[in-house]
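Sequence order for the protein chains is A and B. As numbered in the working numbering, residues 9 to 932 make up the first sequence, in order. As numbered in the working numbering, residues 136 to 500 make up the second sequence, in order.
Hints are computed from structural coordinates only; laboratory data are not their basis. Where hints are given, some of them may not hold.
Estimated spans, in silico, between C-beta atoms of each pair [unchecked claim]:
id, chain 1, residue 1, chain 2, residue 2, range
1, B, R193, A, F756, 27 to 37 Å
2, B, R439, A, L655, 29 to 39 Å
3, A, F756, B, S323, 54 to 64 Å
4, A, A525, B, A271, 37 to 47 Å
5, B, G309, A, A751, 25 to 35 Å
6, B, E272, A, H688, 30 to 40 Å
7, A, A751, B, L233, 23 to 33 Å
8, A, S523, B, R231, 49 to 59 Å
9, A, E693, B, M458, 26 to 36 Å
10, A, L719, B, G309, 48 to 58 Å
11, A, I554, B, H219, 49 to 59 Å
12, A, E576, B, K403, 37 to 47 Å
13, B, H219, A, A525, 50 to 60 Å
Facing chain A, a subset of chain B residues (Cβ under 7 Å, in silico) [unchecked claim]:
id, residue
14, D184
15, F187
16, V188
17, R190
18, R456
C-beta: ideal position from N, C-alpha, C; glycine also.
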Amino acid sequence: MAVFDTPEEAFGVLRPVCVQLTKAQTVENVERLQAQLQAVSDSALQELQQYILFPLRFTLKTPGPKRERLIQSVVECLTFVLSSTCVKEQELLQELFSELSACLYSPTSQKPAAVSEEMKLAVIRGLSTLMHSAYGDIVLAFYEPSILPRLGFAVSLLLGLAEQEKSKQIKTAALKCLQVLLFQCDCQDHPRSLDELEQKQLGDLFASFLPGISTALTRVITGDFKQGHSIVVTSLKIFYETASFVMADEQLRRVSEVQAKPAVEHRVAELMVHREANWVKNTSDKVTVLIKKIIECVSVHPHWKVRLELIELVKALLLKCSQSLVGSAGPLLKALVSLVNDESPEVQAQCNEVLRHFADEKVVVGSRAIADVLSENLHSLTTSLPRLMNSQDDQGRFSTLSLLLGYLKLLGPKVNFVLNSVAHLQRLSKALTQVLELDVADIKIVEERRWNSDHLSASAETLASQPWSRIQRRYFRFFTDERIFLLLRQVCQLLGFYGNLYLLVDHFMELYRESVAYRKQAAMILNELIVGAAGLEVENLHERHIKTSLEDLREIVTSILEEYISQENWYLVTCIEAEEVGEELTVRQSGLQALTSGAHTRQLLSSPAFSQPSPTICSMNSNIWQICIQLEGVGHFARALGTDFRLLLMSALYPVLEKAGDQTLLISQAATGAMMDICHACGYESLQHLINQNSDYLVNGISLNLRHLSLHPHTPKVLEVMLQNSDASLLPLVADVVQDVLATLDQFYDKRATSFVSVLHALLVALAQWFPDADNLGQLQEQSVGEKESHLSRRPAALEKGLENTTTAEDIEQFVLNYLKEKDVADGNVSDFDSEEEEQSDPPRVNEDDTGPDVEPPLPVQIQIAVDVMERCIHLMSDKNLKIRLKELLPQKSPPKSWYGIDPSLEFLCIFPFAFLPSTCHSW
Amino acid sequence: MPLAPGTSHTSDFAGRSWSEAWTEGRDTPGDCIPPSMVAPPSPPPPPPDPQFVLRGARSAVHALHFCGGAQGQGHPLLLSGSLHGLVHIWSLQTRRVLATLDGHAGKCVTWLQTLPPGPQLLSQGRDLRMHVWDLAEGRNAIVDSVCLESVGFCRGSVLACGPQRWMLAMPGKGGDEVQILEMPSKTSVCSLKPEAEARPGMPMCLQLWQADSSPLPLLLAGYEDGSVALWDVSARKVCSRVACHEEPVMGLDFDSQKARGVSGSAEKALAVWSLDEQRALQVHGTHQLTNPGVADVRIRPDHRLLATAGWDHRIRVFHWRTMKPLAVLAFHSAAVHCLAFATDGLLAAGSGDQRISVWSLYPRM
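Starting from the given sequences, assemble the full structure and let the hints guide the process.
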């Protein structure tokens with residue numbers, strides 16, 4: 009198609025068409041004109057703009073009834089012209105504006121004229137294009153008070169369309185057009201920002217529309233969810249942009265008290281609004297009502313983009329109108345914080361972003377007003393929290409807690425205003441404890457046993473390899489959603505981070521002591537408080553906030569730890585132990601009675617939790633959980649204190665290790681987890697390293713607890729674990745504590761031999777491992793017990809190793825203690841067996857002769873220990889209790905490992921394995 | 136206030152009633168418990184435990200001394216001297232050995248004392264040496280030594296005379312003399328030799344002190360024949376002497392506020408004696424024990440408790456004013472050789488079983 013570049017050429021082509029149109033106003037003529045226009049270049053068109061517009065405008069202005077189809081095509085043609093040209097004269101702009109708006113004017117009703125949808129769309133586009141085609145200066149001049157009626161008409165027209173039309177296209181177009189009219193268009197054509205004066209002028213002008221715009225848009229926004237999210241998003245945008253423009257604090261600050269006399273006619277002046285204090289107050293009240301409506305509806309809108317836009321709304325209004333719309337601050341913040349944990353990551357991210365921005369700008373902290381509003385909100389939330397936690401479903405609880413979390417995040421250090429009120433702290437804690445109540449009815453908790461007595465490090469490895477299993481799944485009575493638990497933890501952590509830690513810990517410690525019903529929850533809360541206080545896992549929005557000092561934290565942790573590991577909170581009935589019951593009853597009675605007696609022995613512990621005569625499954629479950637929670641707490645404390653926790657190891661390590669050996673699976677898992685935490689926090693390479701480096705603390709605990717064995721029946725187990733995890737460097741310490749063990753065993757031969765025998769077993773295994781040559785030998789020897797021929801053939805090799813080992817043993821002789829007395833005793837014991845087993849002990853005797861000269865009177869410590877142990881084992885051989893004898897089978901295998909090869913010349917030691925064989929057969 | 140620091144085991148212990156702490160060891164029949172104070176019929180409370188036990192001295196512990204954190208070193212220390220000549224410095228915070236001093240040629244360290252000026256330590260060993268150690272800023276070097284002339288078991292005693300001066304009493308030559316030196320100049324002040332006819336034997340324990348009323352230094356000495364003598368050091372004469380025991384005096388301690396002292400010997404009794412205005416010693420009474428042999432006696436710095444170290448492995452605690460027995464602390468498995476009280480009331484006991492037990496008794500001072 010030919011393009012007419014020059015105005016002359018174009019004029020030549022267009023003139024006949026225009027004349028034609030002027031004469032006969034038909035659709036065909038309009039279309040012809042438009043067809044011709046396609047061929048005209050933009051610059052030529054600009055020159056001829058007025059000329060071309062004339063017939064079109066003439067058509068519109070011609071009085072009398074017109075066909076809708078004609079008007080529509082005229083408007084479309086106009087739009088085309090305007091889209092390619094600029095409007096440079098203000099009058100033209102005004103006139104065109106009025107003429108276009110009038111197209112949809114229906115004289116009979118308030119509503120837009122009942123015309124076809126295409127027509128409406130065409131007019132809307134025409135208006136939009138017109139505003140875009142106007143020069144910047146002209147546009148500004150256009151917005152003078154005198155235009156108010158016409159502009160108002162257009163605005164209400166567009167609002168009506170946006171609200172009432174069915175077609176999504178029209179709605180969207182109307183809203184877009186509204187944006188253009190209200191200077192909110194986001195296209196590239198209006199880059200110029202307004203200066204203060206212009207802003208004020210526009211603000212004054214738009215203030216008149218605010219009521220209309222806000223109410224109409226609110227109706228759109230709160231309308232059917234099905235209308236499509238983009239409409240709601242745009243409406244929200246227009247709403248907050250208009251409101252934040254008209255109500256902007258910055259503009260209002262400059263509004264003078266007295267209204268300047270407007271240079272317009274009276275009728276228009278009546279429409280003008282003066283934004284003085286009274287007006288602001290009234291408007292803000294009304295807008296607040298609308299905002300509440302919007303928030304209520306939009307915060308649960310199914311589409312995430314809508315919720316995202318809500319965040320923008322909050323941001324815009326709070327940043328720009330924090331004073332004028334102070335009444336809305338509460339609902340706005342509430343809306344914002346309730347989106348902190350939105351299911352959409354985009355919304356979450358944006359929400360956090362805005363929160364951080366607020367914190368940076370000190371919107372909350374800087375402005376007393378908003379801080380007050382916020383703490384007021386938190387106040388009322390804490391008041392209703394217990395009730396809400398009780399009555400809501402999981403979803404409701406989730407949003408309530410999200411809200412709480414958001415408030416805490418926003419308030420930051422100011423949260424103490426709320427916490428300092430006793431009533432509120434109590435309500436908060438009541439709600440938290442209520443919702444954190446565990447379901448303890450599950451029988452599996454008690455049932456699950458740690459049957460395989462794994463090596464500690466092995467179980468730690470499995471734990472490490474499955475990080476998910478680190479956090480034990482808890483079952484809560486009032487909710488099942490894991491996210492709620494996460495939220496609750498975050499809430500507690502934030503409280504610990506921002507709140508007055510002394511106050512909080514005091515409160516929850518009191519609760520912990522107060523009643524067994526709250527103990528577990530209080531412990532959970534305390535654990536998280538400490539984690540929070542240490543700043544772990546907490547995202548700090550308030551940069552100037554000073555964390556709790558490490559000394560304070562250490563002090564607090566120490567006191568909580570003390571409480572946790574105190575006798576009545578740490579040693580709870582978690583199972584019915586056969587051994588204990590057996591020892592209380594000389595004659596075994598029915599299981600029920602056994603149960604009761606078990607409980608009675610425990611009552612001596614004066615644990616208030618056990619005033620009932622017999623522990624029910626529930627109470628045992630509850631105890632198991634309590635211990636698990638406390639163990640988890642110890643781990644948390646370690647993480648919170650880091651290497652500073654080393655100082656607390658002297659009190660904490662022993663109890664934790666003791667629980668690591670617990671029969672109940674959950675407890676042992678939790679304890680191992682805590683050990684891992686301690687290990688990492690204190691900078692130890694491995695659990696073994698941890699235990700090894702701190703054996704002195706362990707030994708201290710072990711030896712003190714051995715003194716009260718009835719209160720600490722598990723002490724031997726700790727020693728067992730310690731032995732499994734230490735090395736030869738600890739021999740002096742071990743020698744020391746073994747003396748305690750043996751002395752205690754001497755007092756409790758009848759009652760608790762089982763647990764001791766397994767310790768002694770562990771001890772001998774450990775000794776065998778620490779002096780590995782002996783171990784190899786021992787294994788050879790062990791095999792040889794079965795098959796004598798092979799045993800004899802391997803003998804020489806074994807002997808060589810034996811000799812080697814004698815020298816290592818002698819190296820350690822510097823550790824030798826004065827155990828010689830016991831040696832004599834042992835000798836005496838052995839001699840009885842000697843005669844009985846003479847023929848069987850032949851092969852060792854041969855060895856003895858070979859290595860005889862190596863013997864030194866002071867025995868190496870490890871051998872001496874073995875001797876002492878064996879001495880005790882002999883006494884146990886005759887025990888009536890089958891269980892003990894069965895257990896003894898294990899140690900009986902190990903003695904050869906440990907000492908047979910070490911010093912074959914010690915005749916009595918050699919005899920032992922053979923002395924045991926017949927009795928082993930006996931027990932079977 | 137549950138968060139008050141340091142209320143760990145200590146407060147627990149204090150929470151128990153006095154009668155609970157009365158527990159006697161399992162195999163020793165009650166020392167002398169008044170009938171009214173016998174434990175109730177309900178299950179007997181567990182015997183009191185040490186707050187903690189220090190292991191690792193590697194041989195019997197013969198000397199103990201608390202060194203408060205007063206020198207700005209922060210946490211209090213406990214010093215122990217062992218049979219094999221080592222001095223261990225324990226941190227009471229970590230309960231571990233901080234440093235080991237080896238200066239007595241493997242011979243038993245019998246006495247340890249920190250000196251008033253700065254972190255200096257005086258250690259007496261049976262190698263006939265008394266060393267002055269400089270412990271400041273992690274150093275542990277011998278800065279001075281004094282030769283002893285008696286190989287006995289008698290421990291020395293010091294008395295501060297001025298900011299940088301102090302008086303040292305130690306067993307002198309001839310078996311029965313006490314030598315007084317002025318330190319750090321090591322100038323001999325005098326030698327206190329008992330009168331020829333008295334024949335008290337060797338001095339077994341010494342304590343220098345000063346009455347509030349006069350600046351003259353006085354010395355209390357327990358002798359081999361069981362007598363306790365009060366010397367006026369400046370006049371070099373015995374003010375008073377009283378026979379307290381049949382056996383040698385093993386340890387004594389004196390409470391200058393009440394002008395009352397206590398001594399223990401190898402026999403089954405403690406002697407309490409007092410000093411009147413005329414500086415005359417008078418035996419107030421004796422207190423019978425279950426088992427013979429007291430290695431050391433110590434009065435707590437607040438003058439409220441008395442602790443004795445028994446050869447029967449037990450530590451006995453008495454109310455110092457009334458001499459009521461309060462507790463028998465059974466933990467050690469060998470004779471208890473030495474005791475020390477910290478200024479905050481902590482009690483440490485060193486024993487032949489190579490362990491040091493630390494106890495917190497009625498900590499409200």
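Against the structure, the hints come out as follows:
no. : hint                        : result
1   : B:R193 / A:F756: 27 to 37 Å : 29 Å, holds
2   : B:R439 / A:L655: 29 to 39 Å : 30 Å, holds
3   : A:F756 / B:S323: 54 to 64 Å : 60 Å, holds
4   : A:A525 / B:A271: 37 to 47 Å : 56 Å, violated
5   : B:G309 / A:A751: 25 to 35 Å : 46 Å, violated
6   : B:E272 / A:H688: 30 to 40 Å : 33 Å, holds
7   : A:A751 / B:L233: 23 to 33 Å : 30 Å, holds
8   : A:S523 / B:R231: 49 to 59 Å : 40 Å, violated
9   : A:E693 / B:M458: 26 to 36 Å : 55 Å, violated
10  : A:L719 / B:G309: 48 to 58 Å : 56 Å, holds
11  : A:I554 / B:H219: 49 to 59 Å : 52 Å, holds
12  : A:E576 / B:K403: 37 to 47 Å : 41 Å, holds
13  : B:H219 / A:A525: 50 to 60 Å : 57 Å, holds
14  : D184                        : 5 Å, holds
15  : F187                        : 6 Å, holds
16  : V188                        : 5 Å, holds
17  : R190                        : 6 Å, holds
18  : R456                        : 31 Å, violated
Going down the numbered hints, you'll see the structure goes against 4, 5, 8, 9, 18, while the others check out.
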